[in-house]
Amino acid sequence: MQTLLLASLVLLSASTLAAQTSEDLIKADPNNWLMYSGTYDSKRHSLLKQINPSNVQNVAPKWVYHISGSIKLEAVPIVVNGVMFVAQLNHVDALDARTGRLIWQYRRQPVSRGAHRGIAVSDNKVYVGTADAHVIALDARNGAVRWETKIQGEDVRYQGGAPLVIRNKVLVGGNSRVGGFIDAYDTESGKQLWRWNSLPKPGEPGSETWAGDSLKLGGGPMWHTGSYDPQLDLAYFGTGQPGMDFVGDYRKGDNLYTDCMVALDPETGKMKWYFQFTPHDVHDYDAVEIPILVDATFKGQPRKLLLQANRNGYYYILDRTNGKFLQGTPFVKVITWASGLTEDGRPVVVPGSEPSVQGTKVCPPTAGATNWPSPAYSPDTRLFYVIVTEGCGINIRGASKFEIRPGAPVGSGTGYLESPDVQERWQLYVRALDAFTGKTAWDYKQIGSNHYGPGVVSTAGGIVFAGEQQGNLTALDAKTGKPLWHFNTGDFISASPIVYGVAGNQYVAIVAGSNVIAFGLSGGAK
Amino acid sequence: MRFAAIVATFAIAAAPIQAQRGAVDTGPRNPFAGNEQAVAEGRDIYNRACTACHGQDGTTGDRAPALAAPGRRYLRQTDSALFDAVQKGIPGTQMPPMGLNETEAWKVTAYVRGLRGTAIDTPAKGNVAHGQQIFWGKGECGNCHTAQGKGGLIGPDLSNIAGRRKLSSIRDSLTKPQHRVLGDGGQIESVLYPLASHKAVRVVTKDGRTIRGTVKNEDSFSLQIMGTDNALHLFLRDELREVIDEPKSLMPTDYDKRLTPEEFQDLLAFLSRQGTTAQTQQPPIARQPVE
Numbered sequence: 006m007q008t009l010l011l012a013s014l015v016l017l018s019a020s021t022l023a024a025q026t027s028e029d030l031i032k033a034d035p036n037n038w039l040m041y042s043g044t045y046d047s048k049r050h051s052l053l054k055q056i057n058p059s060n061v062q063n064v065a066p067k068w069v070y071h072i073s074g075s076i077k078l079e080a081v082p083i084v085v086n087g088v089m090f091v092a093q094l095n096h097v098d099a100l101d102a103r104t105g106r107l108i109w110q111y112r113r114q115p116v117s118r119g120a121h122r123g124i125a126v127s128d129n130k131v132y133v134g135t136a137d138a139h140v141i142a143l144d145a146r147n148g149a150v151r152w153e154t155k156i157q158g159e160d161v162r163y164q165g166g167a168p169l170v171i172r173n174k175v176l177v178g179g180n181s182r183v184g185g186f187i188d189a190y191d192t193e194s195g196k197q198l199w200r201w202n203s204l205p206k207p208g209e210p211g212s213e214t215w216a217g218d219s220l221k222l223g224g225g226p227m228w229h230t231g232s233y234d235p236q237l238d239l240a241y242f243g244t245g246q247p248g249m250d251f252v253g254d255y256r257k258g259d260n261l262y263t264d265c266m267v268a269l270d271p272e273t274g275k276m277k278w279y280f281q282f283t284p285h286d287v288h289d290y291d292a293v294e295i296p297i298l299v300d301a302t303f304k305g306q307p308r309k310l311l312l313q314a315n316r317n318g319y320y321y322i323l324d325r326t327n328g329k330f331l332q333g334t335p336f337v338k339v340i341t342w343a344s345g346l347t348e349d350g351r352p353v354v355v356p357g358s359e360p361s362v363q364g365t366k367v368c369p370p371t372a373g374a375t376n377w378p379s380p381a382y383s384p385d386t387r388l389f390y391v392i393v394t395e396g397c398g399i400n401i402r403g404a405s406k407f408e409i410r411p412g413a414p415v416g417s418g419t420g421y422l423e424s425p426d427v428q429e430r431w432q433l434y435v436r437a438l439d440a441f442t443g444k445t446a447w448d449y450k451q452i453g454s455n456h457y458g459p460g461v462v463s464t465a466g467g468i469v470f471a472g473e474q475q476g477n478l479t480a481l482d483a484k485t486g487k488p489l490w491h492f493n494t495g496d497f498i499s500a501s502p503i504v505y506g507v508a509g510n511q512y513v514a515i516v517a518g519s520n521v522i523a524f525g526l527s528g529g530a531k
Numbered sequence: 222m223r224f225a226a227i228v229a230t231f232a233i234a235a236a237p238i239q240a241q242r243g244a245v246d247t248g249p250r251n252p253f254a255g256n257e258q259a260v261a262e263g264r265d266i267y268n269r270a271c272t273a274c275h276g277q278d279g280t281t282g283d284r285a286p287a288l289a290a291p292g293r294r295y296l297r298q299t300d301s302a303l304f305d306a307v308q309k310g311i312p313g314t315q316m317p318p319m320g321l322n323e324t325e326a327w328k329v330t331a332y333v334r335g336l337r338g339t340a341i342d343t344p345a346k347g348n349v350a351h352g353q354q355i356f357w358g359k360g361e362c363g364n365c366h367t368a369q370g371k372g373g374l375i376g377p378d379l380s381n382i383a384g385r386r387k388l389s390s391i392r393d394s395l396t397k398p399q400h401r402v403l404g405d406g407g408q409i410e411s412v413l414y415p416l417a418s419h420k421a422v423r424v425v426t427k428d429g430r431t432i433r434g435t436v437k438n439e440d441s442f443s444l445q446i447m448g449t450d451n452a453l454h455l456f457l458r459d460e461l462r463e464v465i466d467e468p469k470s471l472m473p474t475d476y477d478k479r480l481t482p483e484e485f486q487d488l489l490a491f492l493s494r495q496g497t498t499a500q501t502q503q504p505p506i507a508r509q510p511v512e
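So the protein sequences, as listed, match chains D and L.
Quick note on our numbering: the first sequence kicks off at 6 and runs consecutively.
Quick note on our numbering: the second sequence kicks off at 222 and runs consecutively.
Next comes chain L alone, as it looks inside the complex (with noise of 0.2 angstroms):
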């Protein structure tokens, strides 16, 4: 029952991150649009003026909605939309205007929808085919993640990586030990969801069996571990005997030696564009032949 609701927990965050891309846009469009240079720019405003709320590249502050964070459902979602709120300010809400001219507030624009963007939207070149080889073969990825409705339980659910994670995030995760960047996660949740760690645990039951996994969840009175096995182990804290954390994540980090490089470009071209299509709107009924 638990592990059916934290399916539809992944499925309902994926939902609006497709959906929001289809919002039209009717108002005036941005001039720096895919500028890099007013992009860059429109960050050094945005770091000048909306952190204190908004937080360390839309990430979240104490006091407003991240900008950016994976997976939310954003009020704003189109480029007017997003000017209008940094100029104007949302009145009735602690959003005030920001006092900035209107090039910069279209640059603070273009910032946010870039940090908004993931792998799915500039996916790495490669031989896609290729780079799925890798992923069930020489990569060992499956071992332990699921694609393509298949694979391994033990780590992160990968379906959607590339409408969750921008691609250098997937690089990052690949090749360096200690994968956290910015913009990618690090937010203030608001509602309770399991562990996004998986982070390794070794226990002993009281009865003496001992039980290899990653963590689901866990408080202070109880335990969820998704075991090598690819089963749940569930337990009250009382009935173990030992928890042992154990010091590194079973994600291999080496992927840019254990792979040639074309090897390693192929699979992240695969990766970057893992993405699950959400349930759109019902189509529109098929008008009647005029008669």
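Next comes chain D alone, as it looks inside the complex (with noise of 0.2 angstroms):
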């Protein structure tokens, strides 16, 4: 098996980017890293195993590719047949993934600083959402704009996630005065064919959960990529909170579709199900977290699952089939804003832990149990592995009233901070939960590191690679989370590593501030 997979990647790298299909996106290739959660059900779990626990002590950098004019960049990089791409706003660069070296850039002015996570590639196009909210096709060998769409809507944010290509479709979200969207564009053309509101308009199902005429206040921003199923024709998205993150009083009601996990037929828009994590959320509480998709006896049924630590302190497993909630554990130590969750999943607010004035401590934080940093689940371990957040924020609210105006932004209501109790400063882990009872089975400190950024990846090797917020990427080992190597990188890593592979060679990339680094065995594959 082995000796086939290398001679294949023989095959592919003499071949000159051979052109990739949307159809290729589901069968994909274990060497490239196609989209931003590597396949369409987001496992995060490459099949190589060059690298193992055996050789780990042997990984070194094998190039640094600085992307100048950036800073803690949040990019995910995609890799097809030899060529990786990295993005970020208004930026993208192919590089040759085996040495680093540049084959083109593209450059949209202005260039901008701003929270970008990734691109979408097919079909030898390169689908990029822009600052000034357009989707623009690039042409995958040389960078030229092969389309442009303007994003149609008021006042309208392209807000960095990831666009997600199915069939001819690239799905790109995003929000807008009136709420949070996914639009659907064809790949060919750029037409937009379809679009799904996160927010029901007044009359709809769902609109009832707003009081009065609070819909207006628009919340349910999609910040995020989402994740697929061939098998059911189903994209699963998680959706933002609502308009004035952290004060209720104008929109009582559960808030449909904020804080929710939405499954959206992929020819038409139209919504599947849904599931409400957090109904009238006053946390900021975004569900955005991507969705792992896992086919699994649960309980003793063969289920199709999905799976989700939330950024409000609860690991869920849904059935994707129709959004059933199976069951919700506490994957952090100290949930403060519920007492549990109800036998539907609906949680059991804490009366008076509502944002104030004076500020009210709230667990986990609102930068979140964890955040929009990836997951990952490996099929050999059962584990699910994700970057947590032990401690407490302070939720404030600017003030005891709000004069609401049609027309003009609500903003957030105010903010939050990290409690000043050392008890209750943040504090990262990689944390291995059993994927299938959510009980904790290892935990690695990463001192030093406190607000969320780095995500992790898992490989068929035995090992799970994590960026630390101070700047290591780690291997540990998949079963005992015990750490074997680490490499400085010098500067914050708030993005994703990826693993790939070139010509017989494995490799693992990381992007770490304004470089992005790759690393292999050293002296290649023996």
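I should point out that these hints are in silico values taken from the structure, not numbers from a laboratory.
Mixed in with the good hints, there may be bad ones.
DSSO-like, lysine-lysine: derived pairs with alpha carbons at most 30 angstroms apart [unchecked claim]:
1. 338(D) - 309(D)
2. 397(L) - 206(D)
3. 304(D) - 206(D)
4. 450(D) - 484(D)
5. 309(L) - 338(D)
6. 450(D) - 469(L)
7. 450(D) - 338(D)
8. 450(D) - 427(L)
9. 487(D) - 427(L)
10. 309(L) - 366(D)
11. 221(D) - 206(D)
12. 221(D) - 309(L)
13. 309(L) - 406(D)
14. 366(D) - 397(L)
15. 420(L) - 487(D)
16. 338(D) - 469(L)
Partial pick of chain L residues on the chain D-facing surface, computed with a CB cut under 10 angstroms [stated by the list, open to error]:
17. 264
18. 265
19. 276
20. 308
21. 312
Cβ-to-Cβ under 7 angstroms is the rule here; a few derived chain L residues that face chain D [claimed, not checked]:
22. 268
23. 273
24. 277
25. 309
26. 310
27. 313
28. 314
29. 439
30. 440
31. 442
32. 482
Predicted model only: the values in this text are computed from it and were never measured.
For each residue, glycine too, the CB sits at the ideal point set by N, CA and C.
Using the hints, put the two standalone chains together into the complex.
In structure tokens, the structure reads:
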């Protein structure tokens, strides 16, 4: 098997950037990292195993590519047949994935440092969201613009989430004055095919969960990418928080479809089901964390599952055919805003936990028990790996009363701080959860790291590679969490690592600060 | 080498604070400059419209730069440039027009400008020379802190404390055990800094030596300590038998009790004038005399 794999690698590198089709996205070649989460199921589990616990000590940097003018990059690179594409806002570079040498650059004015988490690639095109709310398609071979479409709507914003390609459609999320949305654009022409709005229109189902005319406050921003099940033909996206993040007085009700997981028909954009994690959220617990799709026997029954470690502190298992809540367990030590979940997964909110003018202690903090950095799942260990923040925050509302004016943005109503109590300061861990019980199997403390940013990738070689905010890329034993190797990249890591292969060699790459660094076994495959 | 780099970092951080005050505003003046009532109203508007991206009191949210983080270099320095961004947004970025009328936008501008001020802009009243004597004498501050080019190394360097902190923050740090306050840090850094916490630590090496000091930096694999002997001690974690976090900061926080009210005020007057002078631009070349 391994030899076969290597043989195919050599063949691939000989052909020059064979066109990657949308069909290839389903049958992903493990040498490629084809989309933000690697594969449609978002497991972030690479099948490559050249690097394993017996030789990981010999991993060394192979090349560094510096993206000048950038800072604290959040991008996950895409690798297709030996070419790496890496993006920041209004800026894409294509590199030789084996050497880090630049092939082409795309620049759009103004070059911006805003958060940008990545791009999508298929059919020789690179799909990019821009700072001025356009979706563009670049030719993957030379960076030329193939089409460009302005995202329609009032005060629309593209918020940095990587696009997701499904067949002939590229799905892009955003936000507007009247709420978040997912758009589908035709991959050939750039024509908009449909829009799904994360907030219902007045009178539509769900609008009854917004008191008065509070729907006008907006919310439900779609700022992260989703997952896709080709068999069920459903795309899964997490939605953001309701308008006025920290003040709920004006929007009594559950505020659908904010803080939800939704299943969309990619052909029509129609919602098949939703599950709301945090009804009537007042802590900015966006539910955009990447959902991982796993088929497994759960409590004696074969199931198509959706796993999500949510910012609100609970680890959820849903049936992804219908959105049914199957299980929810705390994955951080302290949750103060809810005392538990009901049988159907609804949180039991603790009275008095809402933000106040003088500040209310809330655990987990608004920064989240976890956040957008990617988790991973290994079918070998059946563990769910996630970067966790332990600690608490102080949530504050800016005033006891707010004047709501139609047409004016409402903002968040105020913000949050880290708890000043030493015992509640934020501390990051890589935590391995038994994917099906939610129980912690092991913990790795990232000393010095206190704010979300990096994610993880798992490999068939039995290693979990984890970025640390404090700059280390660390290899952990997937079974035990024992650190086996690390490298100080010298800059903040705010991105998730990837694994790919070129010409028989396995690479691990991470974007650290303003550099892309690729690692492999010293001396190559032996 | 590392130590030199750290010193350089502070020097760079200090520079823009001084430099930006020299920015010339040729645009309209803020009608609410210095108007406390308007600044308070500006804060209310800010809290309604701006915190989602820019964070509580300008300390930075997830999506936009800190408007008032200590030591940062501001793109919009003048009243009119700030007003322009608040009212019209910044085209080509995610900063939208905020839908505020002119009066509201000026109030927000006045509030943001106020956030940016530090102690050196509003120094405490008092006898500075006497405060200096307290710093080096009865207060024993100089045993741990550097100021005026001398002093101890274990605590934060106070040479530019008035350029980095608000007066209220300096007062709190002398009197409150947990003195982190709004607008005083808490920002999400963009590059790796040495840790600012000056956490007190005691370590025991595998060969039995005990070292006390404050943590300059640490990660999962190494630890950099400034010892109470004013010397750096650098360790890999596997060289250590024990790492014990001391429960309390080494900094006393009862200066309002160990000093008389007059001494305390004079110390504040001294501290709130500790600012380093940034390198200024080359002086203009003297004009040749007309012949």
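Consistency of the hints with the structure:
no., hint, in the structure
1, 338(D) - 309(D), "28 angstroms, holds"
2, 397(L) - 206(D), "51 angstroms, violated"
3, 304(D) - 206(D), "39 angstroms, violated"
4, 450(D) - 484(D), "16 angstroms, holds"
5, 309(L) - 338(D), "45 angstroms, violated"
6, 450(D) - 469(L), "22 angstroms, holds"
7, 450(D) - 338(D), "14 angstroms, holds"
8, 450(D) - 427(L), "22 angstroms, holds"
9, 487(D) - 427(L), "21 angstroms, holds"
10, 309(L) - 366(D), "36 angstroms, violated"
11, 221(D) - 206(D), "9 angstroms, holds"
12, 221(D) - 309(L), "22 angstroms, holds"
13, 309(L) - 406(D), "26 angstroms, holds"
14, 366(D) - 397(L), "19 angstroms, holds"
15, 420(L) - 487(D), "26 angstroms, holds"
16, 338(D) - 469(L), "24 angstroms, holds"
17, 264, "8 angstroms, holds"
18, 265, "5 angstroms, holds"
19, 276, "5 angstroms, holds"
20, 308, "12 angstroms, violated"
21, 312, "8 angstroms, holds"
22, 268, "2 angstroms, holds"
23, 273, "3 angstroms, holds"
24, 277, "3 angstroms, holds"
25, 309, "13 angstroms, violated"
26, 310, "9 angstroms, violated"
27, 313, "5 angstroms, holds"
28, 314, "6 angstroms, holds"
29, 439, "5 angstroms, holds"
30, 440, "5 angstroms, holds"
31, 442, "6 angstroms, holds"
32, 482, "27 angstroms, violated"
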